[in-house]
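Following the hints, position chain B against chain A.
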Amino acid sequence: MRSILAVLLENEPGALSRVVGLFAQRNYNIESLTVAPTEDPTLSRLTLTTSGDANKISQIRKQLDKLVEVVRVVDLCDSPHVERELLLIKVRAQGDARQEVKRSADIFRGQIVDVTAQTYTIQLVGPSAKLDAFVKAVEDSGVDATILEVVRTGVSGLGRGDQVLSL
Amino acid sequence: MTEMLSGGDMLIRALQDEGVEYIFGYPGGSALHIYDAIFRQQKIEHILVRHEQAATHMADGYARSTGDPGVVLVTSGPGATNAITGIATAYMDSIPMVVISGQVPSDLIGSDAFQETDMVGISRPVVKHSFMVRDASEIPAVVKKAFYIATTGRPGPVVIDVPKDTTDPSATHEYEYPSEVNLRSYRPAFEGDRTQVNRAVQALLSAKRPVFYVGGGVIQADAETPLRELVKASRVPVASTLMGLGAYPGTDEQSLGMLGMHGTYEANMAMHEADLIFALGARFDDRVTNNPDKFSPKATVVHLDVDPASVDKIISSDIALIGDAQWVLNTLWEVYQDQESQRDEATRQKQRQDLDQWWQRLGEWRSAHGLNHNLEPQKDQSILPQLAVQTLYRVTKGEAFVTSDVGQHQMFAAQYYHFDEPRRWINSGGLGTMGFGLPSAMGVQMGNPEAVVACVTGEGSFMMNMQELSTCLQYGLPIKIINLNNQALGMVKQWQDMQYGGRHSQSTYSDSLPDFKTLAEAFGHVGIRVSEAMELDAAMEEAFSEKNKDRLVFLDVWVDPHEHVYPMAIKGGAMSDMILSKTQGAAS
Numbered sequence: 004m005r006s007i008l009a010v011l012l013e014n015e016p017g018a019l020s021r022v023v024g025l026f027a028q029r030n031y032n033i034e035s036l037t038v039a040p041t042e043d044p045t046l047s048r049l050t051l052t053t054s055g056d057a058n059k060i061s062q063i064r065k066q067l068d069k070l071v072e073v074v075r076v077v078d079l080c081d082s083p084h085v086e087r088e089l090l091l092i093k094v095r096a097q098g099d100a101r102q103e104v105k106r107s108a109d110i111f112r113g114q115i116v117d118v119t120a121q122t123y124t125i126q127l128v129g130p131s132a133k134l135d136a137f138v139k140a141v142e143d144s145g146v147d148a149t150i151l152e153v154v155r156t157g158v159s160g161l162g163r164g165d166q167v168l169s170l
Numbered sequence: 022m023t024e025m026l027s028g029g030d031m032l033i034r035a036l037q038d039e040g041v042e043y044i045f046g047y048p049g050g051s052a053l054h055i056y057d058a059i060f061r062q063q064k065i066e067h068i069l070v071r072h073e074q075a076a077t078h079m080a081d082g083y084a085r086s087t088g089d090p091g092v093v094l095v096t097s098g099p100g101a102t103n104a105i106t107g108i109a110t111a112y113m114d115s116i117p118m119v120v121i122s123g124q125v126p127s128d129l130i131g132s133d134a135f136q137e138t139d140m141v142g143i144s145r146p147v148v149k150h151s152f153m154v155r156d157a158s159e160i161p162a163v164v165k166k167a168f169y170i171a172t173t174g175r176p177g178p179v180v181i182d183v184p185k186d187t188t189d190p191s192a193t194h195e196y197e198y199p200s201e202v203n204l205r206s207y208r209p210a211f212e213g214d215r216t217q218v219n220r221a222v223q224a225l226l227s228a229k230r231p232v233f234y235v236g237g238g239v240i241q242a243d244a245e246t247p248l249r250e251l252v253k254a255s256r257v258p259v260a261s262t263l264m265g266l267g268a269y270p271g272t273d274e275q276s277l278g279m280l281g282m283h284g285t286y287e288a289n290m291a292m293h294e295a296d297l298i299f300a301l302g303a304r305f306d307d308r309v310t311n312n313p314d315k316f317s318p319k320a321t322v323v324h325l326d327v328d329p330a331s332v333d334k335i336i337s338s339d340i341a342l343i344g345d346a347q348w349v350l351n352t353l354w355e356v357y358q359d360q361e362s363q364r365d366e367a368t369r370q371k372q373r374q375d376l377d378q379w380w381q382r383l384g385e386w387r388s389a390h391g392l393n394h395n396l397e398p399q400k401d402q403s404i405l406p407q408l409a410v411q412t413l414y415r416v417t418k419g420e421a422f423v424t425s426d427v428g429q430h431q432m433f434a435a436q437y438y439h440f441d442e443p444r445r446w447i448n449s450g451g452l453g454t455m456g457f458g459l460p461s462a463m464g465v466q467m468g469n470p471e472a473v474v475a476c477v478t479g480e481g482s483f484m485m486n487m488q489e490l491s492t493c494l495q496y497g498l499p500i501k502i503i504n505l506n507n508q509a510l511g512m513v514k515q516w517q518d519m520q521y522g523g524r525h526s527q528s529t530y531s532d533s534l535p536d537f538k539t540l541a542e543a544f545g546h547v548g549i550r551v552s553e554a555m556e557l558d559a560a561m562e563e564a565f566s567e568k569n570k571d572r573l574v575f576l577d578v579w580v581d582p583h584e585h586v587y588p589m590a591i592k593g594g595a596m597s598d599m600i601l602s603k604t605q606g607a608a609s
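Just so you know, the protein sequences line up as chains A and B, in that order. Here the first sequence stands for residues 4 to 170, numbered as in this note's numbering. Here the second sequence stands for residues 22 to 609, numbered as in this note's numbering.
Source of the hints: derived by calculation from the structure; they are not laboratory data. All values derive from a computational prediction rather than experimental measurement. It cannot be assumed that every hint is accurate.
Just a few of them, taken from the derived set where beta-carbon distance is under 7 Å, the chain A residues facing chain B [as the list claims (entries may be wrong)]:
1) Glu13
2) Gln66
3) Glu72
Think of the CB as a built atom: it goes at the ideal place given N, C-alpha and C, for glycine as much as any other residue.
So here's chain A without its partners, still in its complex pose:
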């Protein structure tokens, strides 16, 4: 079971290391992690994706809640939510491949943000599965296109509708 945990955390030195340390210490898996201060500068918001059965996810949430600097924890997957991830990919594409790569980027509503005679750098935003699908499409395109570099931000998310994670 995949889980997207949204965590409000005191914006203090060392707080992030406690979260990361907890996962290492208890043998929990972190698939992605993103963290930044919120509109309230005393709080950071962290989004963390992990997986495990229901018991394990429940333990992870409880253990996170036990950390003194953790203010609130919710699992976005418990209810309707919006999740987004940003991907930057640098592709070497020459000849016919240039058109093909550009077409794929358009289909996935990606944007070309940098270009050289040999390469494209493409930016894509969406749920993780869409980003996976785009990377696979470029790999499998059958033309002379080579992926040089991929960087992803990890998942960020919000609950849909009136749901709000705040103090």
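Just chain B now, with coordinates in the frame of chain A:
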């Protein structure tokens, strides 16, 4: 007018305002401003140990026996790392403790300075929380928060790392000790959920084969009074964890003794056959449950714990009672009386009959394979370690504070010394720290100056912190050390006997043991050695005699080196799967 104090003075002043009696510690470069502040005051006594690990265990023993948090002060680098084992010990057993570590000056942090170590980082997995002081002005608030966090909710150790510049005697700051703590992200439970309590009482009133499974959480929360009322009124048997011994009187007929890996036959059978397990401040540790998949197949599980993460971690509960054990037990007792009084006579009669049958089975288990508490010394035979504990129990009238180390002697002490009061049995249950016994006994004696304090240890564990005999002389601590000397690492050897074909890999050292009697004498204490069973009584009496009242006595008891601890759980089995003796295999 507000007082102006240096950081070092503020730190000690804050400890005074927190009501601290003792600091257990060891000085060093980064902590010297703080030590100077200690020198210039009289309210708090500092106890100088011989190794920082001992300071943490002393603070721990003080905390376990008094209920007040233990306070430790060490320097940076090796001072801090030496404290880690004791911090981890306290963490695993949820003991309130505040550890103050000196740190190199702020501008040197990260430069690999002399005696620098990342204490906040190195202690992170074994603390409830930690603070690094960024500015001297924060010190009063940090101390207040540290004590609040250490002592509330599920208690635990808190580290305050103090860079030397923040204690600089030449810079003064306004001192005011905060009257309250404001932590929006930390909300410990002080109560519980009444609806869940109602459900739990209903389960208790309809159970046919109930058992209370009582752990250290009941002792931590000082909840023994409502527990005892509830147990007596409900006629339910009590099985205690290693950490819970004494919450319910060990000599009472409703006590089944300790459960788990070396628990009594009747306690483990009761857990396996129960239809209701009422867990109170216990966490279904692997040393209790054996194989969780085979754990108590017929039971409804009620689980009280202050830490929500302990509930449903190992064993799923049917009724979760998350909250403070004292509040929940008081409420349980109140609701129990209320619901009990509303029962009709037929229902009451029905449960009475069920419980009669249950007690009959418990009695059968007890008489078939219960521990023999009436051992007699035999002429020309070596001393059984069980007999040594039983003799200690008799001579101290069951009223001593008993600390232990880790291994066979620990299990024998838990099995054969009956604790009728909480906070009398002090041992490292979770981490299993050898070397804990002597320094924790010292902390117990500091916190209970008039009490009789015995440390039941083994020669292996004792030698891990025996330097503290010197500290005992300095502070006149009249501890009685009962050394069950089997000339080997007994529990390791037992496992090697049982699981490794008797190959005693690195578990014996009989040719190189010191003469403990003269060792004790060299440290200025009384040493006694006994190896004949018929002389044990007299030796034990001498150790606790009026003549030795104010002296530390080291009683070196040479015990039968071949003795094993039984019962012993069969690995991978249910709680009912036990080896009962060298010749009796699985009982169930």
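Taking 7 Å as the limit, does the beta-carbon of Glu72 of chain A come near enough to a beta-carbon in chain B?
6 Å, holds
Min Cβ distance, Glu13 of chain A to chain B: is it shorter than 7 Å?
Nearest chain B Cβ about 6 Å off; hint holds.
Tell me if Gln66 of chain A is really an interface residue toward chain B, meaning its C-beta lies closer than 7 Å to one of theirs.
5 Å, holds
The structure meets every hint from the earlier list without exception.
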